[in-house]
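Kindly generate the complete structure, drawing on both the sequences and the hints.
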Amino acid sequence: MTTIQSIAGQDEQHPDVALVQRVREGDVSAYDTLVRKYERQIFRIAQHITQNREDAEDVMQDAFLKAYEKLEQFQGNSKFYTWLVRIAVNESLMRLRKRRTGKMVSIDEDLETEEGTVPRDLADWAPDPEQNYTQSELGQILEKTIKGLPPGFKVVFELRDVQGLSTEDTAEALGLSIPAVKSRLLRARLQLRERLSRYFRNKPGSRQAGPKVARAEP
Amino acid sequence: MTCTEFIALLDDIIDDSVAAETRAEVEKHMHKCGHCEVVFNTTRKTIEIYRSHQIYDLPNDLRERLHAAIMARCKKGC
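So the sequence lines, in the order shown, correspond to chains A and R. End of the first sequence = 217 in numbering that gives the first Met the number 0, gap-free, step of one. End of the second sequence = 77 in numbering that gives the first Met the number 0, gap-free, step of one.
Derived by calculation from the structure, the hints in this document are not laboratory data. Take every hint as true, because none was put in to throw you off.
In the SDA-like style, the derived pairs of lysine to any residue whose C-alpha atoms are separated by at most 25 Å in a straight line are:
#1 A:K181 <-> A:P150
#2 A:K143 <-> R:Q53
#3 R:K44 <-> R:F5
#4 A:K146 <-> R:Q53
#5 A:K65 <-> A:A29
#6 A:K143 <-> A:G163
#7 A:K146 <-> A:R99
#8 A:K36 <-> A:E53
#9 A:K78 <-> A:L64
#10 A:K181 <-> R:S16
#11 A:K146 <-> R:Y49
#12 A:K36 <-> R:I54
#13 A:K143 <-> R:N40
#14 R:K74 <-> A:P14
#15 A:K69 <-> R:K75
#16 A:K181 <-> R:A23
#17 A:K78 <-> A:V27
#18 A:K181 <-> R:I54
#19 A:K78 <-> R:R50
#20 R:K44 <-> R:C2
#21 A:K69 <-> A:T81
#22 A:K143 <-> A:Y132
#23 A:K143 <-> A:T116
#24 A:K36 <-> R:K74
#25 A:K78 <-> A:Q12
#26 R:K44 <-> A:N131
Set out below in structure tokens:
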């Protein structure tokens, strides 16, 4: 992985490289730019793993502070963002372990379940099914749907499909092999599809398809 | 191509990274198998929806507060 990235990285320099160099030379404003660039993404990753807003806020702060402290250790043969994600994932898992004392939580546990590899719900969806819900209802559906997936599946889906990272960068950020990323991505995509089908499947004669969405707790 | 083979290739089909020869087989299979066509379309839609309606977004006021806290500690040397 590292070898592939090093070769690929020789062609052009990623804009973060110059920012990291400026931070190393003592320019804190360059770090401000890096934090602004990635804070939303890091927060989302932390929220996916911890499932807790306050924990995600703490993880986001701790990850950026830790990255700042350890910047000398950043080798530059990986991208700054993948290195940062790795710190954030470790911080998130540590927080989760603290909260669920005694329960092992890991990103690389291989969950060989049948669920998600064999599509069961084969009904087609309504055209633009998300338009049957308000923005807030849709947000609740999407959160509720992804919540039940194992942390490793959620983070792979978030990095690959939502944030658009390559399979190689996702593998490096999570310390997983490329086949492991691919297998998690397929299962995550299929499981989310299956669960969303409950809300989005085509029901003739009804514009308000799908089960009722629970209102947010106060 | 069987349905199992189709599902095994699903990610590559969605990411448009299958060889031209395989793509022809994939299209032939989807043409005759309505179930696989539904799985392909709805999986692609799943990704599209999650990409365009990002969940766990950081509200601006919270973002500014956290950002300020991080930078204040960095300026102090953490």
